[in-house]
Amino acid sequence: MSALRFGYILAPLLGALWSVVIAIVVAVVVSFATGAGLKPVIWSSLVVGAVLGIFALPQGGKWSRNRFVAHSLGAVLVVALVLFGWMPLPLVGAEGTGVAVLQIARLLYLIAAVWGLRVMLAELPWESLTRYEFEAAIIRFLTGFGYIFFTALVAIPFYVMVMTSLKSQQALLQNPLDFSLDWEKGWGLLRSYSELFGQFNFGSYLLTSAFVAVMTVLITLLFSVPGAYAVARLRFKGRAAMGRSILLIYMVPMIVLALPIYIAFSMLELRNSLTGILLIYPVTTIPVALYMLQGYFRGLPAEVEEAGLMDGLSRLAVIWKITLPLSLPAMASVSLYVFMIAWNEFLLAFMLLDDPSKFTLTRGIASLNSSEIPRQHLMAGSVIATVPIMLIFLGLERFMTKGLTAGSVKG
Amino acid sequence: MDAKAPTGIGPLERREARLAWGLLLPTLISVALVVVLPLLAIFWISFKPIELADLRAPEAEAYERLRGDIAAPGDAAAIEYRLSNSSREVPVTGVVLRDVIPDGLDVQDLDSRCTLIVTQLICVLGDFEPGYRERLRIDVVAGADFVAPLPSLRASAAQMDGEASSDLFNAEFTFDNFRTLFDGGEFWNVLGVTLFYTVFGTIGALVVGLFAALLLNKSFKGQGILRGLYLFPYVAPVIAVAFTWVILLDPFSGSINALLVQMDVVDTPINFFGERPLALIMVTVFEIWRYFPLSFLFILARMQSIDAEMYEAAEMDGASPFQQFWYLSVPQLLGILSVLFLLRFIWTFNKFDDIFLLTGGNAGTRTLTVNVYEQAFAVSNIGAGAAVAVVIFACLLIFALFFFKFVSREEGL
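Order-wise, the sequence lines are chains A and B. Mapping of the first sequence onto our numbering: position 352 corresponds to residue 352, and the numbering continues sequentially without gaps. Mapping of the second sequence onto our numbering: position 302 corresponds to residue 713, and the numbering continues sequentially without gaps.
Some hints here could point you the wrong way.
Claimed, not checked - Reference listing, derived: stretches of chain A covered by chain B, where coverage requires no fewer than 3 residues with Cβ under 8 Å from a Cβ of chain B: (1) 97-107; (2) 384-392.
Claimed, not checked - In silico contact screen, one side only, chain B against chain A (beta carbon under 8 Å); selected entries: (3) Pro437; (4) Val445; (5) Ala623; (6) Ala647; (7) Ile658; (8) Pro662; (9) Gln673; (10) Thr780; (11) Ala797.
Note that these hints are calculated values from the structure, not bench results. Owing to the predicted nature of the structure, the values given are computational and were not obtained by experimental measurement. Where is the CB? At the ideal position from N, CA and C, for every residue including glycine.
Starting from the given sequences, assemble the full structure and let the hints guide the process.
Structural data, given as structure tokens:
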């Protein structure tokens with residue numbers, strides 16, 4: 001490692017790696033945005049990146065001879081290779097790629113590569129580095145890489161989901177990379193959506209899902225608030241055991257329960273009814289809600305409640321008038337979390353609902369998964385199910401993240 | 412005077428305990444009905460040779476129709492009942508048919524097993540053997556008081572009563588389900604797949620989540636947005652993201668394959684979810700992708716509660732960034748990491764939806780949970796499915812034991 005601890009070695013090394021990353025990212029981004037075929041050339045990216053790394057080192061300080069030589073050599077090397085055609089540029093186009101797109105992509109590459117390297121290599125001396133400087137530079141590189149990596153990892157599937165829903169199956173079969181939109185179509189872009197709402201009843205699925213999720217939240221709170229209060233505040237035999245069994249129940253896999261529930265519901269003719277769904281959903285969420293709430297109740301100062309008791313309120317009145325108002329934020333977190341579970345639930349809806357008039361959204365999407373239905377419909381359905389929960393999540397992120405961290409080790 | 416501490420349970424305490432149980436009662440009842448009862452049922456069913464078709468209890472069935480035409484008084488016809496036993500294996504005993512003969516029809520000649528009281532027909536038909544079929548004819552003539560048209564016969568549906576024992580409730584037990592489960596080499600294969608998926612899925616999600624948390628453990632503009640974005644995979648409905656992955660990685664028209672081919676990484680498109688062992692790796696990657704946000708969130712929360720002064724002191728002492736991470740952050744994070752590992756391990760082990768939606772358990776991705784579904788619904792052998800479920804439950808108990816042994820000390824649960 002210590003052999004690397006010189007500015008003039010680390011800079012070209014990071015420059016080369018960074019350049020490859022940027023070349024690939026630009027190629028993917030431009031391909032996905034325009035459908036044009038772009039290819040990163042790895043070895044060329046490495047060479048160009050190494051030279052860029054040398055140039056990106058801060059210019060201040062003493063100029064030594066070898067620094068001067070490295071700069072001129074690098075410049076000459078790149079110019080010669082590119083001008084005489086011995087080396088392709090880091091990005092080349094596939095057949096039929098427009099020149100304009102290619103040049104824009106190359107410009108993007110250059111800007112991103114240079115800017116990133118300037119940030120990464122800032123304050124790095126040309127000569128030997130301290131361990132701190134060395135590691136800090138590497139961490140800056142890893143950080144930059146991490147942002148790109150994670151953002152791409154998360155964004156690409158959602159981007160593809162939305163774009164596929166706006167395109168036609170034929171267009172995508174022709175060029176699976178072309179996600180550019182034909183703006184001339186205007187509202188026609190949303191055809192899959194209008195068909196889903198018009199012919200496939202998605203409006204009713206949406207309402208059913210919302211109804212089921214809200215009811216699940218209400219029933220869950222109704223059951224879990226008193227239970228959580230009892231576990232958190234009241235002394236009784238078996239309190240500790242109760243806390244544990246809640247967690248244990250929370251770990252029982254749904255599929256194990258789904259089988260007997262399916263059998264029982266078939267016999268009681270509760271299949272294909274929202275009543276049946278509403279009998280099951282809250283029970284799957286009550287344990288976790290109870291667990292989250294009791295943790296919160298425990299954190300509330302008991303003195304306030306005791307004061308209430310002294311003033312002649314009954315326990316139930318204390319819960320209603322003191323504890324609940326104090327724990328509104330926790331209730332919001334729990335509600336959101338339960339809403340999310342109920343909204344996203346798939347397995348039970350899939351097993352218990354066969355009648356299209358009673359489908360929830362997730363069940364509705366599952367029914368779109370057939371070879372006869374074009375896949376933009378499937379993706380449009382996915383978008384319809386994803387957008388509401390995302391909006392709620394982004395709008396109330398503070399509560400949501402709290403809720404997730406408080407109890408959601410479940411998935 | 413000596414003050415003595417009260418011993419035993421006082422009335423106040425008793426009242427408090429009563430209230431506590433009262434408050435917990437709704438939860439306990441609902442959990443008992445939806446969790447404990449099904450669990451017991453699973454154990455019961457796992458010892459029974461039951462198939463999906465056996466769930467419908469055998470019944471005696473009657474299908475009635477009119478042979479001949481009746482338009483005016485004096486017309487003759489016959490009411491025909493096609494009787495059958497719906498089951499080919501189980502007899503139905505003590506079958507009785509009840510029906511109402513429409514007004515205006517006179518019954519001519521009655522089967523010896525039947526009696527007619529005014530218009531009420533009662534036939535005591537005895538026992539139906541498995542697969543039993545019979546046609547019962549009752550000749551009728553339209554009487555003088557007949558008014559056309561004849562009301563539909565089915566306006567008063569024939570009612571059949573009979574008793575049959577359902578396999579589900581009799582006291583016959585068998586170890587066959589477990590024997591066939593453990594006999595085939597398949598079970599160990601499934602268990603291996605489950606362990607691979609669980610171990611790598613859990614560790615992967617933890618490690619990726621740790622990196623994401625390290626990345627966002629500083630305040631800068633847009634940190635909130637990125638944090639929200641990184642939680643998307645977990646918050647979105649699993650069915651939506653699973654289908655997106657399937658479409659994205661499709662061997663014929665998937666964008667990822669098109670990209671790889673165009674960049675000359677591969678020559679021919681890869682069937683990501685259809686080949687062994689790639690499919691198993693891909694579903695594990697999906698699991699990591701979907702659940703890294705959770706570990707990310709927990710680890711980030713823990714990181715932000717670490718005292719910043721510690722890092723300042725380390726900085727003064729000249730500790731390098733990697734040293735700070737290794738000697739300061741990691742020890743602080745070990746607690747939450749081990750808790751997360753155990754819980755996520757259990758949950759990944761229990762995971763069903765993801766694999767079911769991505770591959771349907773094909774191409775070597777059948778885990779124990781998917782096997783429950785496969786056995787019970789694809790092969791229609793409910794008993795075998797229940798046996799797998801019992802095995803899962805046994806594993807779960809072992810994990811839970813571990814969990815409470817190690818974690819409850821750690822986090823004070």
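Consistency of the hints with the structure:
| no. | hint | in the structure |
| --- | --- | --- |
| 1 | 97-107 | violated (count 0) |
| 2 | 384-392 | holds (count 4) |
| 3 | Pro437 | holds (5 Å) |
| 4 | Val445 | holds (4 Å) |
| 5 | Ala623 | holds (6 Å) |
| 6 | Ala647 | holds (5 Å) |
| 7 | Ile658 | holds (6 Å) |
| 8 | Pro662 | violated (11 Å) |
| 9 | Gln673 | holds (5 Å) |
| 10 | Thr780 | holds (5 Å) |
| 11 | Ala797 | holds (6 Å) |
Hint compliance for this structure: hints 1 and 8 are broken, all remaining hints hold.
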